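Quick note, the sequences are listed as chains L and B, same order.
Numbering that gives the first Met the number 0 puts the first sequence at residues 0 to 139.
Numbering that gives the first Met the number 0 puts the second sequence at residues 0 to 313.
Calculated directly from the structure, the hints in this document are not laboratory data.
In this text, all values refer to a predicted model and were calculated from it rather than measured experimentally.
We treat Cβ as the ideally placed atom computed from N, Cα and C, and that holds for glycine.
Please note that a few of the clues may not be correct.
Claimed, not checked - Derived Cβ-Cβ restraints for the label pairs, each shown as a range:
| id | chain 1 | residue 1 | chain 2 | residue 2 | range |
| --- | --- | --- | --- | --- | --- |
| 1 | B | Ala149 | L | Asp92 | 31 to 41 Å |
| 2 | L | Asn49 | B | Ala149 | 28 to 38 Å |
| 3 | B | Asn59 | L | Glu115 | 12 to 22 Å |
This is what each chain is made of:
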Amino acid sequence: MIEFSEIESSIQSVRDDPHSVSDPAMCLLTLGEQILENWLQSHELEPTINQHEGFRLLALHRQGAINDPSFLACRETCRELAYQVNLYRIKNDTAQVTMMAMVALHLLYFVRGKLEVQQLGEFCCSSKPLRTQKSNITSR
Amino acid sequence: MDKNENLRKDLQRVAYYPGCALEGSGHAYNRSTKQVGKKLGLDLVEIENWNCCGAMEVKNIDPEIQNFLSVRNMSIAKHKMGFDVVMAPCNGCYHNLKKAEHDIAHREPTRTALEKLSKKSKVPEYKAGDIETIHALDWIKHAIGESNLARQVKNSLKGLKIANYYGCMYTRPRHIFPEKDQGENSESTSNPHFMDDLLRAAGAQIIDFPLKTACCGGAHTLSDCDTSTRLVLNILQAAETCGADVIATECPTCHTGLEMHQIRAEETLNITTKPVMLYFTQLLGLALGLSPRKLGIQENISDSLDLLRQQGLA
Chain L
0 MIEFSEIESS
10 IQSVRDDPHS
20 VSDPAMCLLT
30 LGEQILENWL
40 QSHELEPTIN
50 QHEGFRLLAL
60 HRQGAINDPS
70 FLACRETCRE
80 LAYQVNLYRI
90 KNDTAQVTMM
100 AMVALHLLYF
110 VRGKLEVQQL
120 GEFCCSSKPL
130 RTQKSNITSR
Chain B
0 MDKNENLRKD
10 LQRVAYYPGC
20 ALEGSGHAYN
30 RSTKQVGKKL
40 GLDLVEIENW
50 NCCGAMEVKN
60 IDPEIQNFLS
70 VRNMSIAKHK
80 MGFDVVMAPC
90 NGCYHNLKKA
100 EHDIAHREPT
110 RTALEKLSKK
120 SKVPEYKAGD
130 IETIHALDWI
140 KHAIGESNLA
150 RQVKNSLKGL
160 KIANYYGCMY
170 TRPRHIFPEK
180 DQGENSESTS
190 NPHFMDDLLR
200 AAGAQIIDFP
210 LKTACCGGAH
220 TLSDCDTSTR
230 LVLNILQAAE
240 TCGADVIATE
250 CPTCHTGLEM
260 HQIRAEETLN
270 ITTKPVMLYF
280 TQLLGLALGL
290 SPRKLGIQEN
300 ISDSLDLLRQ
310 QGLA
């Protein structure tokens, strides 16, 4: 497991100097995968090597949400990162790297916050009560 | 009369559900929504004796109680006031009313629980489809439309670079918004654009930025303030990097969060960001020639007056 602080520094390094790595998009995508690997490993799960829609990042996110629907709250951030990678591949514009880095940082802050605070994400649109749809009233 | 004209006519006079936030921290949103509606010739009739929708908390105790809180408002609008459409400008309220509608339509346990609660509280029973809930963005977009709006602009927002921040609850989860992602003229859940369309019609330069639907940590601002600050700071920096002067909002929780954590980031992390926050209704109001005071701009924590003066809008 790679420390979040280390991942955060790596993302910021790529953001500040995209030319410091040969493929900044791939680098940020890998860092995004590492964020999700941390989530899975902390839940004693083996991170998948499979891909979903051409991205391991999306497969990792789906794996992380299987027993924790509240993790769906960062689905759009993962998809945005994948989208930004695609944009970079089309445009090959280093200005795009800054945006990618910010999306990757958003993912990091969310997942790190969620590991620190158990309930983070529970209040969100994809929270457990909404997904499990369990009624307490009807059982009374 | 074509379909769009019928829809416009139906939305000229709608039931208005402001929700609790618009009576408190989001007062300026309430004020500017009413002012813009009035200016555009639209009529808002506040739901009589409305109650809190349960916000983000009640569902964690009991999701059916949360549904009932929303349904009571919808029932009053339909059965006591005779409306078919409720407009809720707050993302949290809008989301909860849509979720209640979805659950009534698709879940027998919800229908059973709500029948029981309605009888107990003597609220006329609400049936799926009795009311259509819309957001303030839907309301102006469909009741007025971009071309009509553009014709009524007195002070163009030309020169103002605006990043539109929709927040997470306006489009998620997708299944409670069946009217979205239906092609032309409908809102997109993956790339919402109604605020872009309206503000562009008012002359603004719309800045695309990748975190327009990202979580602002709004619900965690009390329990995990540092995470909320990091999330908001990232949104602010992304908008600033994309060249935005203004972040337009359409949710009181997002708006207050962006304002508060911008200041907190300065104080705790020593990181300053430039964009100012304005409700989209305040921006539309300025374009329609309303004064900043009428739109409650002085009530915002984020001080946008200097920028607005530079642009000749205040």
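Consistency of the hints with the structure:
Ala149(B) and Asp92(L) have their C-beta atoms about 32 Å apart, which keeps the hinted 31 to 41 Å range intact. Distance hint check for Asn49(L) and Ala149(B): the Cβ-Cβ separation is about 49 Å, which falls outside the suggested range of 28 to 38 Å. A hinted range of 12 to 22 Å holds for the C-beta pair Asn59(B) and Glu115(L), which are about 19 Å apart.
Checked against the numbered hints above, the structure breaks only hint 2 and satisfies the rest.
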